[in-house]
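Residues per chain, in single letters:
Protein chains: 2
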Amino acid sequence: MKGAVLYGPRDVRFEERETPKIVKPTDAIIRIAAACVCGSDLWPYRGISPVAQPTPMGHEYCGIVEEAGSAVRSVKPGQFVIGSFFSSDNTCPHCQIGYQSSCQQHELVGGAQAPLLRVPLADGTLVATPDIPPDDMIPSLLTLSDVMGTGWFAADAAGVKPGKTVVVVGDGAVGLLGVLSARLMGAGRIIAMGRHEPRQKLAREFGATDIVTERGGEGVSRIKEMTEGIGADSVLECVGTQVSMMQAISSTRPGGHVGYVGVPHGVKLDGGELFFTHVHLHGGPAPVRRYLPELIGLVWNGKINPGKVFDLTLPLEQVAEGYRAMDERRAIKALLRPQ
Amino acid sequence: MKGAVLYGPRDVRFEERETPKIVKPTDAIIRIAAACVCGSDLWPYRGISPVAQPTPMGHEYCGIVEEAGSAVRSVKPGQFVIGSFFSSDNTCPHCQIGYQSSCQQHELVGGAQAPLLRVPLADGTLVATPDIPPDDMIPSLLTLSDVMGTGWFAADAAGVKPGKTVVVVGDGAVGLLGVLSARLMGAGRIIAMGRHEPRQKLAREFGATDIVTERGGEGVSRIKEMTEGIGADSVLECVGTQVSMMQAISSTRPGGHVGYVGVPHGVKLDGGELFFTHVHLHGGPAPVRRYLPELIGLVWNGKINPGKVFDLTLPLEQVAEGYRAMDERRAIKALLRPQ
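Going down the list, the sequences are from chains A and B.
To get the numbering used here, take the position in the first sequence, counting from 1, and add 444.
To get the numbering used here, take the position in the second sequence, counting from 1, and add 444.
No lab work stands behind these hints, which were simulated from the structure alone.
Be careful, since some hints might not be right.
No copy is singled out in the list; a pair is fine if it fits within one copy or between any two copies.
To be verified - Pairs of lysine-lysine, DSSO-like flavour, derived with a Cα cap of 30 Å:
(1) Lys668 / Lys468
(2) Lys520 / Lys465
(3) Lys712 / Lys520
(4) Lys668 / Lys712
(5) Lys608 / Lys465
(6) Lys608 / Lys645
(7) Lys645 / Lys446
(8) Lys645 / Lys747
(9) Lys712 / Lys752
(10) Lys747 / Lys465
The following block holds chain A by itself, in its conformation from the complex (with noise of 0.2 Å):
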């Protein structure tokens, strides 16, 4: 089969590469239905992120079991199942806290740019959904194995509750998704801070009251100032820079909540500036597979429609395109079809 590798900066080849198989007996392998690129595809494609050797892309998948291995009980060939970039096996002591992305199994699920997906630990990390979705409902699906879900965690991270007053770093899906989950959660009012116009308009559908198109301090005085200089309650910080995280963290009221979920790249926080802010901190790779039930529900239901954050549809043979689109920012997010 040929699937997407990354060679280097700017260099992703759609090339043979090896079938996947069972190579545990608690494996699975799905048949994707479709793929696309994350933004944190994004890093080591621009070279800030090391890569030490071709390595096969893609972590988000949704599709068809096609086999699964002989220990497999919770899916069976021919189900349509999402699952998490982190595999789990959602018994150990992390993972029944619902932190499954530390699951002490866990192992980055990667290749899911290509037809067919190993995935680990298929009972822990899969879910099926009720049935086989609509075709026009899979791009929703395929945003809860990791971007739905990554923006749902920053807003229950940064304790979004009804009437509050949230801000939201960040223009890209995982931004765009978590104004949806801080609107879904009831927040008062939702400012997402970015300055791209077609990501505004997005942002305004999923239920963005404010845009704020400064950044850096002048961003956060502009927060000081729609929210009486008190800041805000909670924070979404959905890029993982050092400007992003001052800016989230310097946004929030003493006592409220930053939700940090953008993978961080170079970021060092001081302790002592930190410590006088006096907000919560919390984040890391979002827990999907905690998520997966009930967002599967919402987009079942139609209360959802996180698909809209795919801009950009190609076939996967095209898979190079959606890079530089997203690089360049002419695409919010690429999703990938395999013929």
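Fit chain B to the known structure of chain A by using the hints.
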């Protein structure tokens, strides 16, 4: 009057100072029943925090209201009161959600190691006891002004819950009272980290179930061993150094909580490292004012005796010896009684 003034590293003088007076109508003057030396006083005493000019010392206090400004309504002369080390109006948006130490009008109450003290914003800062307390209750009431409130906040910020496993990093007075707080909140297991024998004894008396003497990476390994590789649910950081902070974060299970109250000195947190720990982080200067009514009740009714942290009592004029004894770790905490 004579009070303590810090001139520079290890140079505390008991010398003539101006007698405090009402400056604003919201001020009160307190006749100090007891004051003490704080662990945080040792930072400038040791020259770690610079001392720009001779500085009146002391920010923990209780005593009788001597005089109240014309606008003061909630306390009156003759009442015994306790206040926080930060003044607060107790009405601003930050105070209203319980973060009085981030009050929009807060200022440090300084110069309490003296017979008289000016407290700004008396209405929002001071809480009166039900009556004049017996003399032997004064040490415990004094701790509510800072160390007990701070230990309590550490446990609260660390989300201590009944039956859970708690680690306390730091065996100073705050750490010891963090142990007491965790016990009151119903913790199932309380592991105190410290290597000083008299402090271990007091930790056990306050409710510690285990003592770990190792620190840094070795300390973390011990905690992991003791928790079947999981880590603690709640960790109280009561020191403020890089080693203690990392020890706290690394001892916490994914999804667990770190409550940090040691004023950070030179602490830098790597965003990427923190991200993958999945911990909740919350702390800062304790909003002592929030807890005063509840904690006064506990002391008044004999439920707790946090004053046991004072293992040295000196007349105020020997304040310099109090600093020396704490600096050399001969004393956990020195109580100072004006004559």
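A quick look at each hint next to the structure:
Taking identical chains as interchangeable, the C-alpha atoms of lysine 668 and lysine 468 lie at most 30 Å apart only when they sit on different chains, with a minimum of 29 Å there against 54 Å within one chain. Proximity of lysine 520 to lysine 465 under the C-alpha cut-off of 30 Å is restricted to the intra-copy arrangement: shortest distance 16 Å within a copy versus 80 Å between copies. Taking the shortest alpha-carbon separations for lysine 712 and lysine 520, neither the intra-copy value of 45 Å nor the inter-copy value of 48 Å comes in at or below 30 Å. For the homomeric pair lysine 668 and lysine 712, the shortest alpha-carbon distances inside one copy (23 Å) and between copies (26 Å) are both at most 30 Å.
Neither within a single protomer nor between protomers do lysine 608 and lysine 465 lie at most 30 Å apart by alpha-carbon distance, with minima of 48 Å and 43 Å respectively. In this assembly of identical chains, lysine 608 and lysine 645 lie within 30 Å of each other by CA distance solely inside one copy; the values are 22 Å within and 46 Å between copies. Taking CA atoms no more than 30 Å apart as the test, lysine 645 paired with lysine 446 passes in neither setting, with 36 Å inside one copy and 67 Å between copies. Taking CA atoms no more than 30 Å apart as the test, lysine 645 paired with lysine 747 passes inside one copy only; the shortest distance there is 20 Å, against 58 Å between copies.
In the homo-oligomer, the alpha carbons of lysine 712 and lysine 752 never lie at most 30 Å apart, since the shortest distance is 34 Å inside one protomer and 39 Å across protomers. Taking identical chains as interchangeable, the C-alpha atoms of lysine 747 and lysine 465 are never at most 30 Å apart, the minima being 36 Å within one chain and 64 Å between chains.
The earlier numbered hints that this structure contradicts are 3, 5, 7, 9 and 10.
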